[in-house]
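Number of protein chains: 2
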Amino acid sequence: MTDQRRPSAGVARRSETSRRAVLTAAFELAAEVGYAKLSIEGIAARAGVGKQTIYRWWPSKGAVLFDAFLMFTTGEPGEEGGGESVEEAALPDTGDVEADLKTVMFATVDELNDPRYDRTMRTLSIEIAHDADLAALYAERLNRPMRELKKRRLRAAQEAGQLAADLDLDVAVDLLWSPLLVRWLHREGPLTHEYAAALVETALGGMRP
Amino acid sequence: MTDQRRPSAGVARRSETSRRAVLTAAFELAAEVGYAKLSIEGIAARAGVGKQTIYRWWPSKGAVLFDAFLMFTTGEPGEEGGGESVEEAALPDTGDVEADLKTVMFATVDELNDPRYDRTMRTLSIEIAHDADLAALYAERLNRPMRELKKRRLRAAQEAGQLAADLDLDVAVDLLWSPLLVRWLHREGPLTHEYAAALVETALGGMRP
Chain A
6 MTDQRRPSAG
16 VARRSETSRR
26 AVLTAAFELA
36 AEVGYAKLSI
46 EGIAARAGVG
56 KQTIYRWWPS
66 KGAVLFDAFL
76 MFTTGEPGEE
86 GGGESVEEAA
96 LPDTGDVEAD
106 LKTVMFATVD
116 ELNDPRYDRT
126 MRTLSIEIAH
136 DADLAALYAE
146 RLNRPMRELK
156 KRRLRAAQEA
166 GQLAADLDLD
176 VAVDLLWSPL
186 LVRWLHREGP
196 LTHEYAAALV
206 ETALGGMRP
Chain B
6 MTDQRRPSAG
16 VARRSETSRR
26 AVLTAAFELA
36 AEVGYAKLSI
46 EGIAARAGVG
56 KQTIYRWWPS
66 KGAVLFDAFL
76 MFTTGEPGEE
86 GGGESVEEAA
96 LPDTGDVEAD
106 LKTVMFATVD
116 ELNDPRYDRT
126 MRTLSIEIAH
136 DADLAALYAE
146 RLNRPMRELK
156 KRRLRAAQEA
166 GQLAADLDLD
176 VAVDLLWSPL
186 LVRWLHREGP
196 LTHEYAAALV
206 ETALGGMRP
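Listed in order, the protein sequences are those of chains A and B.
First residue of the first sequence? That's 6 in our numbering, and the numbers climb one at a time after it.
First residue of the second sequence? That's 6 in our numbering, and the numbers climb one at a time after it.
Careful: at least some of the hints might be erroneous.
Since the list can't tell identical chains apart, any single copy or any two copies may satisfy a pair.
[Claimed, not checked] Derived pair list, reagent style SDA-like, types lysine to any residue, alpha-carbon separation capped at 20 Å:
no., residue 1, residue 2
1, Lys-56, Thr-99
2, Lys-156, Leu-185
3, Lys-156, Pro-214
4, Lys-66, Ala-165
5, Lys-155, Pro-214
6, Lys-66, Leu-172
7, Lys-156, Val-38
8, Lys-42, Asp-136
9, Lys-156, Asn-118
10, Lys-155, Gly-194
11, Lys-56, Gln-167
12, Lys-155, Arg-213
13, Lys-156, Arg-213
14, Lys-155, Arg-124
Rather than coming from a laboratory, the hints here were simulated on the basis of the structure.
Based on the provided sequences and hints, a complete structural model is requested.
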């Protein structure tokens with residue numbers, strides 16, 4: 006990795022600093038003021054960059070917030086940075102699929118109960134429901150890779166004979182995670198570890214006697 | 006029911022006519038223009054009533070839309086009318102819980118795929134996610150009674166020995182219906198009868214071999 010091969014290393018580094026500043030500003034502002042009051046002007050002012058810098062990289066405030074969300078939830082800082090990407094991450098695998106699913110879902114519960122994440126994730130979730138284009142972006146860039154991680158863990162359990170050989174892993178992921186999302190999004194009841202544990206146990210064992 | 010007991014029967018009838026006109030206008034406008042552009046003024050104009058008539062009965066446009074949604078989805082026309090209320094409704098009970106759940110969930114799928122309902126329900130769902138007060142109203146007036154209907158059918162199956170005696174019926178309702186809601190709201194994939202059938206079968210039988 007010489008200067009010949011990366012003549013613009015300094016520029017890239019400065020760009021990455023600006024990019025992170027923009028994403029951090031967007032994430033914080035979404036949590037503080039909500040999506041409706043979030044503006045490119047406000048993000049630019051907090052990040053200390055010009056509006057044109059933002060428009061060069063993102064077509065809309067939804068796209069900025071989406072990337073900010075991706076950076077903060079997966080540690081993925083974008084094309085130019087390092088860090089662990091969604092593809093490199095993995096769900097825990099102790100060999101006990103029930104225990105591992107509970108570990109992961111308890112973490113999801115804790116995250117959704119964190120006011121800082123609640124507001125930003127609620128904002129993103131509302132925008133996805135509103136905006137079919139953002140929904141497609143979300144489905145491709147965040148939901149699909151996250152879903153693949155979950156399916157990879159379930160597939161390992163399937164191969165170990167702990168899950169049914171003909172189980173549809175997409176259906177399984179939905180059965181486990183969608184109830185958490187709905188209870189949180191519609192505030193239908195308290196989001197607790199006990200509830201998550203009951204979901205895991207019932208989904209694994211089934212409703213029949 | 007004499008005139009002595011209901012001296013204002015004519016007034017009540019006229020009020021009910023206005024109330025239905027307002028709710029119909031709100032439902033139609035929400036589907037046509039979306040919640041952001043929905044206004045009390047617009048509802049009043051379409052319903053042919055004064056704004057004050059609306060403000061006398063509802064504190065906000067969210068509250069109007071909520072009542073409209075309730076009237077159109079449950080056939081419940083409000084305190085003064087007749088018709089089947091949520092409490093009087095029931096899920097089908099042929100004795101086959103799997104078949105009955107599929108019947109009901111296929112109907113939910115068809116409803117969510119109907120553009121007229123999609124837009125109104127999406128609007129309501131987004132408002133519930135935004136607004137904790139509306140979420141509480143929704144939880145109490147629509148979600149709780151609808152959930153009770155579902156639990157009543159599951160309880161009958163439990164008593165018939167078709168479902169586990171220790172099954173938490175709230176968890177069961179969430180496992181069955183929440184994946185439909187998330188797939189629809191976040192447009193994560195096609196909402197089909199096949200998907201609903203897979204949910205019912207997997208939730209009933211469990212993910213284990």
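One pair to classify: Lys-155 and Arg-213, alpha carbons no more than 20 Å apart. Within, between, both, or neither?
Classified as between: cross-chain Cα gap 16 Å, same-chain 25 Å, threshold 20 Å.
Up to 20 Å between alpha-carbons, please classify Lys-156 paired with Asn-118: within, between, both or neither.
neither (25 Å within a copy, 27 Å between copies)
As a check of your reading, is Lys-155 near Pro-214 (CA-CA no more than 20 Å) within one copy, between copies, both or neither?
Classified as between; 19 Å across copies, 27 Å inside a copy.
First find the shortest C-alpha distance between Lys-155 and Arg-124 inside one copy, then the shortest across copies, and answer within, between, both or neither for a cut-off of 20 Å.
neither (24 Å within a copy, 31 Å between copies)
Could you place Lys-66 and Ala-165 in one of the four classes (within, between, both, neither) given a Cα distance threshold of 20 Å?
neither (45 Å within a copy, 54 Å between copies)
Pop the pair Lys-156 and Val-38 into one bin, within, between, both or neither, using alpha-carbon distances up to 20 Å.
neither (35 Å within a copy, 39 Å between copies)
How would you label the pair Lys-66, Leu-172 (within, between, both, or neither) given a Cα cut-off of 20 Å?
Classified as neither: same-chain Cα gap 39 Å, cross-chain 45 Å, threshold 20 Å.
From the Cα coordinates, with 20 Å as the cut-off, is the pair Lys-156 and Leu-185 best called within, between, both, or neither?
Both: 17 Å inside a chain and 19 Å across chains, each within 20 Å.
Under a CA distance limit of 20 Å, which applies to Lys-156 and Arg-213: within one copy, between copies, both, or neither?
between (24 Å within a copy, 15 Å between copies)
How would you classify Lys-42 and Asp-136 at a CA-CA limit of 20 Å: within, between, both, or neither?
both (17 Å within a copy, 15 Å between copies)
Please sort Lys-155 with Gly-194 into within, between, both or neither, judging by C-alpha distance up to 20 Å.
Between copies only: 17 Å across chains, 25 Å inside a chain, cut-off 20 Å.
Measure nothing new, just compare the shortest in-copy and cross-copy C-alpha distances for Lys-56 and Gln-167 to 20 Å and report within, between, both or neither.
neither (53 Å within a copy, 62 Å between copies)
The structure is inconsistent with the numbered hints 1, 4, 6, 7, 9, 11 and 14, although it conforms to all the rest.
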